[in-house]
Amino acid sequence: MIFTRMGIEGAYIIEPEPLADERGFFARSFCEEEFRKNGLESRIVQCNISSNKRSGTLRGMHYQIPPFEEAKIVSCTRGSIYDVVLDLRRGSSTYRRWSGVELSENNYTMVYVPTGCAHGFLTLEDDCMVYYQMTEFFHPECARGVRWDDPAFGITWPHPAEIISEKDQSYPDYAL
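The sequence shown runs -4 to 171 under our numbering.
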């Protein structure tokens, strides 16, 4: 596995190292030892999928607060998405910065979202499936979010969002 730092402290793009032959290829998508060696949380307690029917669907920007902060490993198993990590850790050198990358069923790339960062994505085509591996169980009382278009962050999306939940639209401006 290849771990490449993103523009956010503690966030990584993770690429498999395929072993190919006439049948196709084989690659690891998770290795506890390699995650630990890179200083990443390696305890996975929950896995989720998100099915998205239409291109232009935006989900995010979501995170959980203490005591149930979560790190995530995100991949796109069908279609393609633009995936964004936003640093909300006030003591971080990359506080309020964001970084984005395209994840797709063809590039097999994953993103590691560290605790204290918000996460969201925009579908780039119809019929996308997103797979999440979580380091903490979901606790609705700790679930939070910030708006995808909040001027405090200036996230640049590749095209306009067309489908956004009421909840994701309702987050107030970020308190600086």
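In short, the hints are calculated from the structure, not lab data.
Just so you know, even glycine gets a beta-carbon here, dropped at the ideal spot from N, CA and C.
Incorrect hints may appear among the rest.
Stated by the list, open to error - Simulated restraints on C-beta separations:
| # | residue 1 | residue 2 | range |
| --- | --- | --- | --- |
| 1 | E161 | E12 | 38 to 44 angstroms |
| 2 | I(-3) | R18 | 21 to 27 angstroms |
| 3 | R23 | Y90 | 46 to 52 angstroms |
Distance restraint hint 38 to 44 angstroms, applied to the beta-carbon atoms of E161 and E12: holds (42 angstroms)
Range agreement (Cβ of Y90 with Cβ of R23, hint 46 to 52 angstroms): violated (32 angstroms)
Range hint compliance [Cβ, I(-3) to R18, 21 to 27 angstroms]: holds (22 angstroms)
In terms of the numbered hints stated before, the structure departs from hint 3 and from no other.
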